[in-house]
Structures are given as structure tokens and as C-alpha cells.
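Asker: Please work from the sequences and hints to get the whole structure.
Going line by line, the protein sequences match chains A and B.
FYI, in the working numbering the residues of the first sequence are 1 to 374.
FYI, in the working numbering the residues of the second sequence are 1 to 268.
Check before you lean on any hint, since a few could be wrong.
[Unchecked claim] Sample of chain A residues facing chain B (criterion: CB under 8 Å; computed from the structure):
#	residue
1	MET72
2	ALA89
3	PRO91
4	PRO102
5	SER104
6	THR348
[To be verified] If the Cβ cut is set under 7 Å, some of the chain B residues that face chain A in the computed set are:
#	residue
7	ASN124
8	PRO126
9	GLY129
10	GLY144
11	LEU170
12	ASP171
13	ASP202
Source of the hints: derived by calculation from the structure; they are not laboratory data.
Backbone N, C-alpha and C define an ideal beta-carbon position, used for all residues, glycine too.
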Amino acid sequence: MPGWHSTETASAGLKIEQRGSDTVLIFAGRLDAEGAGSLWHNTLHAAGRAHALPLRFDLSAVSACDMTGAAMLLAAERAHGTPVPIDGADPRVTALLHRARPASVEAAPPKSAPGRSIGGHCVAGLTAVGDGIAFLGEALVAVLRLPTRGRMLRGADLLRYADQAGVRAVPLVMLLGYLMGMILAFQSAIPMRQYGADLFVANLVTISLLRELGPLLSAVILAGRTGSAFAAEIGTMKVNQEIDALTTMGLDPMTMLVLPRLIAVMAVLPALAMTLDIAGLAGMVTVLRCFGFPFAAIMHQVQAAATITDLFGGLFKAVCFGAAIAAIGCRAGMGTGYGPRAVGLSATAAVVGGIISTIALDGVLALLFYRLHL
Amino acid sequence: MTIPPTVLPAIDPPPIVQVSGVGQRFGTRIIFRDVSFSVAAGEVFVILGGSGCGKSTLLNQMIGLLPPTAGDIDIAGQRITGKHGAAGRHASQRSFGVMFQSGALFGSMTLLQNVMLPLQMFTNLPEDGCEAVARVKLGLVGLGHAVTLMPAEISGGMAKRAGIARAMALDPHILFLDEPSAGLDPVTSAGLDRLILDLRADLGATFVVVTHELASILTIADRCLMLDAAAHPDSGGVIAMGDPRTLRDTSTDPKVHAFFHRETLEAA
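Answerer: Okay, here's the thing in C-alpha cells:
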């Protein structure tokens, strides 16, 4: 141990002296956040080096000490390992140390969460699937009990959700549909022109839009706009205990909160898909007109290509997608944990789940339509 | 080698809150029109009054969240209102800490991280230093056992105490507390009152507390200010100011009497 060593900053100083067998840490100046910050490392280092040797703190030159300074002295005492006598301390500093000492006791380190194994992931995934099925079951029960609980399904709510999910999404759906129609027509026309088949672009775009793109794209828009909004809205209600309040009043949250959203979305998504179809066809017509094809010829191709089965098949898909998105959004909201972060997580889960389920469902329905020769 | 003499800076002047002729209106609705008071260093000053009288509005003005529509406010010698108020607010920010009514803890951080955040941002303490200081602050409010919990995992009373610990993180001269004991059990509430008095005694901290908990007011307040939404226009919104115990025993104002004796206005 050297005879002494000093550290000094603008507001505080530390000097280490050897007085007989005692190592003395002499502090000066202000032991506040700034002073303690500059002396922290050296103080703890010196106290640690004096381990098992007599150590004293001299505070006679300290002009001010706050709780941060007290925390530093106590941390140094811990680093030394035994209680350290203090000389020259102002009575207020002594009182401060007296109060801070029991508060500075180290809490047990947090239990680190064990990493989830592959099996754990599988179990969690299966549990989530099970929860989803249970939720659908609850929704079905709510539908079956609707005749006796008709008053809980409020028409005003239904219209509000239909407006929120449907009417307000129309401009976005029309814009996206029009652009998609134009892009599809333009990109297809370039290779097809080599075979002199560019008028058949109309057939291609019509079938693509009616069977696939109309319902799929409008479902993706709905998942982003409305699925997340449902999750956030119901999630916030959960956090604010509004759902608990409904339950304790004897009102069924499934009937009051989930069913109107489910019905509204199932009703408006086919309309949105149809809107997207029409906007997409308009985009395609714009491109083909620019290529010089007469309007009558384009319409003739559209009528030849499209069948009523294509249209209704697409609209049926839209109903299924709407049900999946609304159910996943509401399920994510009802499963919200506590705290502001939980609502964000639910909204994210609703969007991701909505889009994935839409695409998976699309694959299943494509297979079904193929088997049914539709 | 000799040790250079340590130059000790002068002790800080007493922190002070000065509110001069402050008014607040929202559109045509006047909350209060002329509130003036000053808080001396080391004082516990309580703002009280019934619901909707403007207590929290006045607090928001003092902590710089709401510019008053009239009057001036000085915090720790800095004018935080008027044309150069932004510079004053910035300069005075380190001198005060605020505990919000709900605790306002950051939900994505543990209690320890909540208290460490200001230390990490505004001091040159090393990481272990920030942690040790934050542990002491949480220990002082009785949360030493709960430092690793998330805000969502604790009760409302614990959140308030953690909010106080975070407000104290930088050892500010002034602590503004918004309804610290509302919704707490009497024992926890009494513990918070004790903590306020201890911190005042040990650190010389100044407290401006908004509350309407009568027991708390009578225990901690050196002086209090009572606001009333329906006060006579000449009073500017303040219906009483002074030692709460004296007000309780001597005030002839029916509203003050009713408040301190837990009576209805008709009975008062």
C-alpha cells in the first residue's frame, strides 16, 4: 500500500494516507452525484485493496454529502468487507449514512429466466393453438347464445366497427387496387406482346384479381389497419380493467366486444375485396387503353374471362379472411398482459397473426376449390 | 510530493420556489387568476383543495409542463415562464424531481433500471455506481427487495414509492409530489410521510406536495395553500394559506373549516 495517493476534481477530492496501521481515505469537497462520480472508481479500488486491514474514512473536509455520496461510502465499506469507522463527519452526514445503510443491503440477484428449449417452443406453440381454438369455441358459444343475449349485441357498435374497418378503408383500398391493376397489366403486357397476346392481359388480370388478389390484398390492408386497432382497443380495455368490469356486471365480453367486431369485419371485407377488384380492373383498363386497345374489346375479354364462380369464390375467401383477422385481433387484445408494452405486443401479434393466417387460409381454400372443381 | 489543497465551493443558496400572480385559463374557463406564494429551502409546502380546484394544474405549471396564462414562476433562481422560460426550465430541470400521481414508471424497465436511468444520463457515475445508488434510493422507500420487478408486477402503492425513488435519483433540492398518499393504506401512507420528513431533515430537501389527505397534511406540512374553484374573484383562487394546524383551529372560512373537520359545507 503506498503512503498516500490523491485524486481531485473540480468539486471533490480523495486522499489516501497511512496512519500507523490504519489506511485513511480522506474525502474533501462535495460528495454529490458529480463528486461521487469522479471518485467512485478510486474509492472502491482503495477500499478493496485495504481488504482485511484497518480502514477509516475522514470526512472532516467534506462540505456537502447527499444520498449519492452516502451510497459511495457504503459501497466502499462493502468492498472493504467490514464496517469502517468515520471521522469528522457532520451530524447530518452521520444521520444520512445511518438511514442509507439498511437501504443499501444488496437484494438477491434476479433469477435468470432459463432459455426456452425446442420442446418448450413446441409446447408454447401448441398452447397458443389450443388457446386460439378455445377462443373460437367461445365465440361459437356466444353466437349460439345470441338469441338470449340479443341486447348485449349493440347495433350502434356494429355500425361503428363497420365504418371503422370498411368505409374508412375504401380510399386506401381503391388506390392500392388501381395501382396493382396498372402494375399487373403493364408487367404482363411486355412479355405477352412478344406473342401478340397483349389483349389477353385483360383475362389474366381479371382472373387474378377476382380469385386471389382482391380478397388477399384487402385482407392484408384490413389486418394492418383494423386487426391491430382491435387488439390495441381491447388490450387497453383489459389493462384498464374494463373487461373485468363487464364480467362482474354479468355482461359477456365475447358477445359485447368480440362478436360485433367479428360480424362487422366479415360483412365489410367482401365489399372491400369487390372495391379492390373494380379499382384494379380500372387500372388495367387504363394501361390497355394507353396501349391503344378499344374499350369494347377490353370489356369483351373481361366478360369472357370472368365467371360468377370466380367472383363469389373470391368473396367467400374474403369472408373467411375477415373472420380470421377479426378473431386473431380480438384474441390478441383479450390475451393482453399488463403494462403499456403489452398493448403494443398484442397489436403486433394481431398484424402478424392476421397476415399469416390469411395466407395459410388462402392456400387451404385454393386446395378446396381445386378439389371441388370450382 | 504534496497534496494540493482542496478548494471547496460555497454552499448552494437555499433552493426556492417563487410563484407570482400566476393564473390559468382554458378557453373561457378560468381555473385560478392570481396565485402567489413562495417556498423556502427545506420547507414542506402543501397545496390542497377539493377535486377540480386546480391543484394539479398549478403543479404542472411549476414543473414546466404547462405555461401559465398569467404570472411568473421561479424555480431555484431560474425564471421558467415568459419569453426566456425555455432556458430557465432547462437550467432548473436538474434541481427538482417529480413524482407523478400514478408513479409514471417506464413499463419496459425494472424498478432498478427506472431509478438508474437519470443517473446514467446525467452523472459520470460508473455502471456499478449507478446501480448501487439506485439500490439505496429504492431501499429508502422500502423497495430494496423488489428492485428486479417490472412496474406491471407491483401494486399501486409500490409504484408511487418507486416514483419517489426515481424523483430522488439525482438528489434534487426540490421534490414535487403529486398525491403521494392517495390510494395507499394508512400504514404505507404514514411511512411515506415519515420518509418525507426524514429526507427533509437529512438532505435539507424542499417538498412541494399536492394532496388532500388530511392526516398527511397535518403531519408533514410546514405551510399549506388552499385553492378553491369557486373562490371569490378577488381572492384569485386561494382561500387560505398558512400553518395547517392553525388553519384547522382558527379559520372561520366555512370551506376551510369543512375541509379540516371533514364536514359537509352545510354543517360548516
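Asker: Against each hint, give a clear statement of whether it holds in the structure.
Answerer: Checked hints:
| no. | hint | verdict |
| --- | --- | --- |
| 1 | MET72 | holds (7 Å) |
| 2 | ALA89 | violated (13 Å) |
| 3 | PRO91 | violated (10 Å) |
| 4 | PRO102 | holds (7 Å) |
| 5 | SER104 | holds (5 Å) |
| 6 | THR348 | violated (14 Å) |
| 7 | ASN124 | holds (4 Å) |
| 8 | PRO126 | holds (6 Å) |
| 9 | GLY129 | holds (4 Å) |
| 10 | GLY144 | holds (6 Å) |
| 11 | LEU170 | holds (6 Å) |
| 12 | ASP171 | holds (4 Å) |
| 13 | ASP202 | holds (5 Å) |
Violated hints, listed in ascending order, are 2, 3, 6; each of the other numbered hints is respected by the structure.
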